[in-house]
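Enquirer: Based on these hints, arrange chain B on the given structure of chain A.
So the sequences go chain by chain: A and B. The numbers in our numbering rise by one with no breaks, and the one at position 180 of the first sequence is 168. The numbers in our numbering rise by one with no breaks, and the one at position 541 of the second sequence is 613.
In case anyone wonders, no lab produced these hints; they're calculated from the structure. Here the structure is a predicted model, which means the values were calculated and not measured. Hints may be right or wrong, so weigh each one.
[Unchecked claim] To spell it out: a stretch of chain B is covered by chain A in this simulated footprint if at least three of its residues, at any positions, have a beta carbon under 8 angstroms from a beta carbon of chain A; those stretches are:
id : region
1  : 134 to 145
2  : 177 to 189
[As the list claims (entries may be wrong)] Only pairs whose alpha carbons sit at most 16 angstroms apart, straight line, appear in this in silico EDC-like list of lysine to aspartate or glutamate:
id : chain 1 : residue 1 : chain 2 : residue 2
3  : B       : 553       : B       : 565
4  : B       : 174       : A       : 370
5  : A       : 61        : A       : 31
6  : B       : 106       : B       : 161
7  : A       : 55        : A       : 38
8  : B       : 174       : A       : 373
9  : B       : 171       : A       : 370
10 : B       : 173       : A       : 370
11 : B       : 374       : B       : 385
12 : A       : 180       : B       : 158
Quick reminder that beta carbons are idealized off the backbone N, C-alpha and C, glycines included.
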Amino acid sequence: MAITDPPKIITSRVGFDDSYTLERYLATGGYEGLRKALTMTPEAVAHEVDQASLLGRGGAGFPAGRKWSMLRKDPVTYLVVNGDESEPATFKDHLLVERDPHQLVEGVLIAAFALQVSQVFIYLRGEFALGLERVQSALNEAYAHGAVGTDIFGSGFSVDVVVHPGAGAYICGEETALLESLEGKRGFPRIKPPFFPAAIGLYGQPTVVNNVETMSNLPWIVQHGGAAFAALGEGRSTGTRLFALAGHVNHPGVFEVEMVKTTFHDLIHAPVLGGGIRHGRELKAFIPGGVSAPWFGPDQIDLPLGQDEVADAGSMLGSGSVVVMDDQTCAVRAAWRITKFFSRESCGQCTPCREGSGWLERIMERIETGSGRAEDLDLLLDACDNIAPGLTWPPQQTTICVLGPSIPSSIGSAIEMFRDEFLVHIKEGGCPFA
Amino acid sequence: MPETTAPSDAGPGDVAVEPVVNLTIDGRAVTAHKGELLIAAAERAGTFIPRFCYHPRMQSVGVCRMCLVEVSGPRGATLQPSCFIEAAEGMEVTTTSDKVKKAQDGVLEFLLVNHPLDCPVCDKGGECPLQDQTLAYGPGESRFVEEKRHFEKPIPISELILLDRERCIQCSRCTRFASEVAGEAQIDFIGRGEDIEVNVFPELPFQSYFSGNTVQICPVGALTAEPYRFTARPWDLDQVESTCTTCAVGCRVAVQSSSNRVTRLLGIDIDPVNHGWLCDKGRFAADAVNSGDRLVEPLVRKDGELVPVGWHEALEAVAAGLRSATRASRKAAKAADGGNGGDEGGADVGRGAEAVGVIGGARLTNEGAYTWARLAKGVLGTDSVDAQLGDGLPAEVVLALPRATIDEAAAARTVVVLSGDVREELPILFLRLRGAVVDGSLRLLELSPQPTSLTPYAARSLRYRPGEPGVLARSLTDASKPAPTGIDPDDLEAARALLAADGSDGPGDGVVVVVGRPSLAESGDLVADAAQALAAALPGARFLPALRRGNVLGALDMGLAPGLLPGRVSLESGRDWFTGAWGSVPATRGRDTAAMLASVGQDDGVRAVVLLGADPLHDFPDARLARSALDAADFVVAVASTPGEATELADVVLPAAEAHERPGTTTNIEGRVSNLGQKLVAPGQAWADWMIAVELAAHLDADLGLDSVADVWDEIERLAPAYRGITRAVLDAAGSGDGVVAPLVPTSVTLRNRSVAPLDPIAFPGVESVERQGAPPRAGFAETPSAETAGDPDGDDAGDDDDDDAAAPTSRPPVLSGPVGLEVPKVPQGDSYSARLVAGRRLYDDGAAVALVPSLAGLVPAGVLRIHPQDLDALGIASGGSVRVRTATATAVLTVAADPGVPRTVVATDFNVPLSEGTVADLIDVSSPVTELRLETP
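For reference, chain A alone in the conformation it holds in the complex:
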């Protein structure tokens, strides 16, 4: 299948050196979406977003329009933008906040208008030093330009936006932990039910939490209409989407491609995209949607980049991160590395995740470093089962949040796909790739 040539919806400006400036932004149609939105009713704006079938780009893929419609009616509601992108190999929001911060701000303002909230918080990963600076500068410029603050563009609508840096915890990307963090508390996820942000969110008020990329799509959707967005892609997966391609490819990077119409094969091999496996090696496996997702093998490379298509195949598009592993990759080591990440980043609040992640990491380390035992594979799977009962997809969980059931994904995939490799580690007392 040939790759399509869709409009650049959110990466149209990244080629400019001064893409982050207000000047460039205005020169390229900036804030026209907001101006248009302000002439519409909030309901009409929300309707366009609903028509666009814009799936949330943060990981769960929940339709943004529906999320907005679930916001509990209350005089005080908040919009919070989740820019705490911190999973290994996930870096698409990174691009957006550094290269097109005004687009984010405009999207946020459109959403704030549609939701009629007067206070927005943009929570950005603390390590985005440049991104934080650029979003804050863009916001300052937007205030000066009259796009934010009191009586935006003379429309009578007022909103304030605050940028808040995270402090280096992956868990704060979990929306309820993010809200706790924003409130100045430890980033401990809240228990759902009852703490669904749309009902009980920031400071106990109804809150919409949306991803940076989701917000960045809004200026285009308002300008071109939801239908134009929905015309791209297929089924529920409409529009274009950013994919952060990482691992053993010739051209790692962030690519905006049309959903469903593009396949993993296109993403990895197309010369304008990934450019093929590095050093001419063979594909061993790839992770389709971030390190929480179960892995795919070469036989699944023709799957389209569509949310439901990938889910039906037993994984997810998740955070838009695609990690490619070539045939020189040790599956045990890769899974251990991912487990180690989750173990370090578990918030420590609930037992199965706190203790389970550390234990699984220790077992994986033993196997990789030559102290594996034959019974360890069953033990790994059973311990995983105690975090995510049944090891089903989508997973069930004994934990408070989804970080817990993210842990078994890589271990389960590695064992399922490369059991022999584990056995070699155990038998030979070490890593054959070392």
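Expert: Just chain B, lined up with the frame of chain A:
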């Protein structure tokens, strides 16, 4: 298990019937009220769901995941934390499925991954929820073979508490207790993932009066208490239930002992009082009873030395000393009369009796206090008896004010706090009031001469200068009355609004006044006057006395105060009734402690002093007066359990049993009567106080006819009007841990059959016989009254048989009520150069309860004079510097600290703690209603 319980103070229909939902738990139909947590509903229905982090007295957090159960939902049955899910109509819950079992196995195995299996050397071993629930719900063995997480083994986080982070299972009970219940978030989590740990903040120790509770609720041995550490194994401990008498709140406790030593106190959860919590002083001061420095035999002074003698000789000496004092007084009176009086006996009986003064008694049981009151007033004939050491309030006023319970205070619309710092004096009352403000809708109005621990929770705090509480109270309830100077008019207006009637309520409805002694340097009469002014203006208001000594309210109820007879009866109104029962009562009203001490040396003054477990040298506000009076007294008897300055100067010392060594009852600030447990045998020849009184009466040729502590109680129930109907049967009824509030409310006497959930052993590990823990019906269901009743004080019941042998010639006198005539001392004007002294209390002071306990003795703070920074500036003295203080009678150079919370021209400090020179008792002059100070540069 259905149980009966003693009647509570709550009125009829006290339990609101909540909307009910129907659900099934393991296939059984169960009802729960709307909003009830699944774990609680299941427990009430007899299904115990294992748990670690859940605690019925704190907010659920759902973190340990031990209580996962399968709950039906739109997407089929899913595992949900039952401590977080509310019972809902039609819910189907499964607690025993394979899926649940697997989750429980998994959670326990995970918890044990990093938990060191050092149970053999762990204090919690044997009463450990982790141990117990692993046995009951866990896998047979762990598959974990790797290295566990390591931390430095126990680190002290305060003087009293050690933390072993390796044992911690991160349930957050301790951190939640600190922040939610105590309001002091001094311990919290640090780090994340497996490296998460509970700890204190750098350089800031866990300084809380409530830290021991974190040890008690810790579900593992992560938190241990220095005093108990390694002293016993739980299975070697023996337990009785009792009531803590360290202060007057009356927390219910389990007293556990081994080899005739109290090893520890654990809080028992009763709804009306302490909710399972204890203050550290109450918890750890129990160690005092183990002191090696106890009085074990009677002592009599011979040739200037106290020498051990037998009880007979000692009591003979006391009888002789008291008789001689009475005789001397009579002789002096006769001389004054011109020698015209008759000889001894005849119409003269009773004259001279006031030469005997009895000071103290708040340490006694009700039975001890009653017997001593009868001995003093019925046998010796003196009314100069005072359980308070000039540090409380006029007894008649306290007893006559309409009383509130702690629950009523917590449920009130507004609580007026006119007392010392509640956290320092009655710590658990502080927790209850704070909780009611933070979690409920209570509003506090604080009237205090200095900031207190409740100030941050108060809707308004009005600062008054010592001497002004009456003026302030009147200006609060009557806008036409002038307010004290310095009170902000807006604050005053807001305070008035807090007291204003709400809707159709009458004036004062929904208002509770906590009335105590804000300062020992200000006359209690002034505070009593303020309280009576509030009572008069707010007829609906009720009062909770904040008197702090252990059983002070019981002692006052038993008549250990001038002008009173047992059962909250005045000397006058009870004269006929008690003359009939006892033979005689004092002819005239006697003196209070201050007057007794001041009278020593006068012809008609006190000549013989009996100290009932009291040490006026330490505890009376005016040290100079106490010292000179006791030095000048002809004869001093000390009834005491430990030697001290008071016993040093006594002529006879009688060794008394301490708390936990004697059975009986106690009465708390609410008037709640509860049983005290006897766990230990008193050392040597120490006797219970009631027995000492009975035997001393015998040596004075009076037979009180009381042979046991039960006899004494029966007589109290029969004779003391406020205690009518509180029979031993009522006090001993199952579930009587709650106690009974005196006087009984006639309509609440029916024993209700409440289906008591077996109390959660995981919530308060270590407390035995949990089914008797008063078992709070936390679910709050209205229970159908059962046929079982335990006496009806209003009607004629079996208890009335007693009336026959009382053969009382008159009817039972009325319980005190309404305004009491009070001579309000005139406060001197003072001049612009003087400041007024405020002497508050600290929980840890130089009193015996702390001094005898090694773990607490080091916690007594050094006192300073707290002065408004502008006043300090005016003096040209820096905070931390010294000031010369001059009163009419004393002078001292003392360290000062700036405190912007103290009003201008007020000097605040603490009583009975060491100042840089002496104590504040050296400065206080009780002959003046306020103490004026001159401050000078030294």
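Enquirer: For every hint, state whether the structure bears it out.
Expert: Do the hints match the structure? See the list:
| no. | hint | result |
| --- | --- | --- |
| 1 | 134 to 145 | holds (count 6) |
| 2 | 177 to 189 | holds (count 8) |
| 3 | 553(B) with 565(B) | holds (13 angstroms) |
| 4 | 174(B) with 370(A) | holds (10 angstroms) |
| 5 | 61(A) with 31(A) | holds (14 angstroms) |
| 6 | 106(B) with 161(B) | holds (9 angstroms) |
| 7 | 55(A) with 38(A) | holds (10 angstroms) |
| 8 | 174(B) with 373(A) | holds (9 angstroms) |
| 9 | 171(B) with 370(A) | holds (13 angstroms) |
| 10 | 173(B) with 370(A) | holds (14 angstroms) |
| 11 | 374(B) with 385(B) | holds (12 angstroms) |
| 12 | 180(A) with 158(B) | holds (13 angstroms) |
Hint compliance for this structure: every hint is met.
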